[in-house]
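Sequence lines, in order, name chains A and B. When the first sequence is numbered by the numbering used here, its final residue is 466 and no position is left out of the sequence of numbers. When the second sequence is numbered by the numbering used here, its final residue is 210 and no position is left out of the sequence of numbers.
Each hint should be verified, as a subset may be incorrect.
Chain B is faced by these chain A residues, among others (derived, beta-carbon under 7 Å) [said to hold, decoys possible]:
(1) Ile355
(2) Cys357
(3) Ser359
(4) Gly379
(5) Tyr389
(6) Gly401
One side of the interface only, derived from the structure: several residues of chain B facing chain A at Cβ under 10 Å [stated by the list, open to error]:
(7) Ala44
(8) Phe48
(9) Met86
To be clear about the criterion: a stretch of chain B counts as covered by chain A if any three or more of its residues have a C-beta under 8 Å from a C-beta of chain A, and this derived list gives those stretches [claimed, not checked]:
(10) 60-68
(11) 90-100
(12) 184-194
(13) 197-204
If you are wondering where the hints come from, they were derived from the structure by calculation, not from laboratory data. Just so it is clear, CB atoms sit at the ideal spot from N, CA and C, and this is done for glycine as well.
In case you want the letters, here they are:
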Amino acid sequence: MDTSGEQSAASHRPSEILDTLKRLGFGAAIAVPDSWLGEILVRIEEEPGIRLVRATHEEEALAIACGSRLGGVRTAMFVQNAGLLSMGAGMVSLAQRYQFPLLMLVSYRGTVDDPVFYHVPKGRVTEPVLKGIGLSYAVADRGRPIGPQVERAATYAEEASCPFALLLSQEDVQW
Amino acid sequence: MVIDARPSRADYYRALAKTLPADALVVTSLGNASYLWAVVRHAPENFYFEDAMGLALPLALGLAIAQPTRRVVVVEGDGALMMHMGSLVTVGAVAPSNLTVLLIQNGVHAASGGQALTNPGLDLAQLARAAGIARAKNVMTPEALASEMGTASAGDGSQFLVLSTKPDVEVVRPPIALDPVMTKHRFMSAIGAPRYIPTMFGGGRLERA
Numbered sequence: 292m293d294t295s296g297e298q299s300a301a302s303h304r305p306s307e308i309l310d311t312l313k314r315l316g317f318g319a320a321i322a323v324p325d326s327w328l329g330e331i332l333v334r335i336e337e338e339p340g341i342r343l344v345r346a347t348h349e350e351e352a353l354a355i356a357c358g359s360r361l362g363g364v365r366t367a368m369f370v371q372n373a374g375l376l377s378m379g380a381g382m383v384s385l386a387q388r389y390q391f392p393l394l395m396l397v398s399y400r401g402t403v404d405d406p407v408f409y410h411v412p413k414g415r416v417t418e419p420v421l422k423g424i425g426l427s428y429a430v431a432d433r434g435r436p437i438g439p440q441v442e443r444a445a446t447y448a449e450e451a452s453c454p455f456a457l458l459l460s461q462e463d464v465q466w
Numbered sequence: 002m003v004i005d006a007r008p009s010r011a012d013y014y015r016a017l018a019k020t021l022p023a024d025a026l027v028v029t030s031l032g033n034a035s036y037l038w039a040v041v042r043h044a045p046e047n048f049y050f051e052d053a054m055g056l057a058l059p060l061a062l063g064l065a066i067a068q069p070t071r072r073v074v075v076v077e078g079d080g081a082l083m084m085h086m087g088s089l090v091t092v093g094a095v096a097p098s099n100l101t102v103l104l105i106q107n108g109v110h111a112a113s114g115g116q117a118l119t120n121p122g123l124d125l126a127q128l129a130r131a132a133g134i135a136r137a138k139n140v141m142t143p144e145a146l147a148s149e150m151g152t153a154s155a156g157d158g159s160q161f162l163v164l165s166t167k168p169d170v171e172v173v174r175p176p177i178a179l180d181p182v183m184t185k186h187r188f189m190s191a192i193g194a195p196r197y198i199p200t201m202f203g204g205g206r207l208e209r210a
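Could you put together the complete structure from these sequences and hints?
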């Protein structure tokens with residue numbers, strides 16, 4: 292692993308996420324946007340080495356990601372936590388059942404830091420639901436550089452052969 | 002007794018087995034879609050769904066993107082498609098020309114005992130065309146399927162064939178164990194997919210053996 296943990300935590304965190312995906316050889320990103328994710332997806336779309344697919348629903352996105360990984364491409368997902376709640380069946384009966392290593396980069400809406408009040412119902416249940424369905428996850432630490440956290444999440448997914456969700460704050464992912 | 006004159010899934014599968022390109026990758030939906038295909042033409046390049054209804058089509062889309070030089074054939078059911086109809090829109094937008102969708106239209110949820118669909122009579126080919134899949138057709142016979150398979154690689158965009166099929170509610174006994182993880186590893190090994198090569202402290206990469 293590189294030593295980017297020593298870099299300044301004040302650097303542009305969405306750029307660090309994108310740079311990390313490129314450095315680790317991610318070839319596909321499957322996404323359903325929200326307001327925080329909109330711009331980073333545009334940036335990914337401009338990357339020649341990463342194929343962006345915009346899905347209509349997060350469970351569909353999960354299946355596309357499984358197919359992409361099945362075909363030998365390292366694959367990330369960008370979804371809101373609402374999508375984690377709505378993809379439960381596919382998560383347990385496809386992604387986890389077949390042990391697909393997927394990096395899930397998730398805008399974590401409805402926390403105490405989120406100014407948009409209507410996300411609260413999703414925020415309060417997200418982590419209990421993830422625990423309930425056995426989905427491995429971490430909440431990104433805003434006090435530390437984000438790149439190494441993305442790398443560790445990606446490594447976890449591959450080493451443990453499972454999806455791994457990294458829950459991101461607004462400053463982590465909104466370009 | 003009313004005779005159902007529509008071809009069976011087995012009739013179509015036999016036609017498919019004879020016309021499938023040698024390098025094709027096949028994704029089959031849950032239930033008999035997988036069990037019967039394993040009987041007719043088991044191969045390492047088959048990816049069998051155990052459950053996850055409605056997700057065979059989007060998985061096949063991801064596979065077609067990842068493997069652009071190989072034909073990807075997916076067998077999905079009409080009930081499964083209705084569960085994730087948005088997938089049609091995504092297939093229409095991405096439009097990989099190496100993807101062939103075989104849509105078994107039998108009007109029932111066959112894998113769960115033959116319950117009626119919400120709307121068994123939809124024109125699914127027209128729906129696919131509206132979603133941006135221009136090469137969408139209704140197919141009524143195995144011979145017509147065989148003919149269409151001959152043109153699979155002859156056009157732009159994805160191919161979408163709606164197969165008029167009589168329900169098969171008797172569960173076929175698969176000839177092999179359809180263990181999901183074994184299915185995945187066998188498939189990835191057969192296509193020579195890169196493997197994850199770990200390093201001591203992370204930062205591993207996918208590399209070809």
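For each hint, the structure was consulted:
1. Ile355: holds (4 Å)
2. Cys357: holds (5 Å)
3. Ser359: Holds, because the Cβ-Cβ distance from A:Ser359 to chain B comes to roughly 4 Å (cut-off 7 Å).
4. Gly379: violated (11 Å)
5. Tyr389: holds (5 Å)
6. Gly401: With a closest approach of 24 Å, the A:Gly401 hint is violated.
7. Ala44: violated (15 Å)
8. Phe48: holds (7 Å)
9. Met86: holds (9 Å)
10. 60-68: As far as the segment 60-68 of chain B goes, the hint holds, because 9 residues have Cβ atoms under 8 Å from chain A.
11. 90-100: The restraint on the segment 90-100 of chain B holds, since 4 of its residues have a Cβ under 8 Å from chain A and three suffice.
12. 184-194: holds (count 7)
13. 197-204: holds (count 6)
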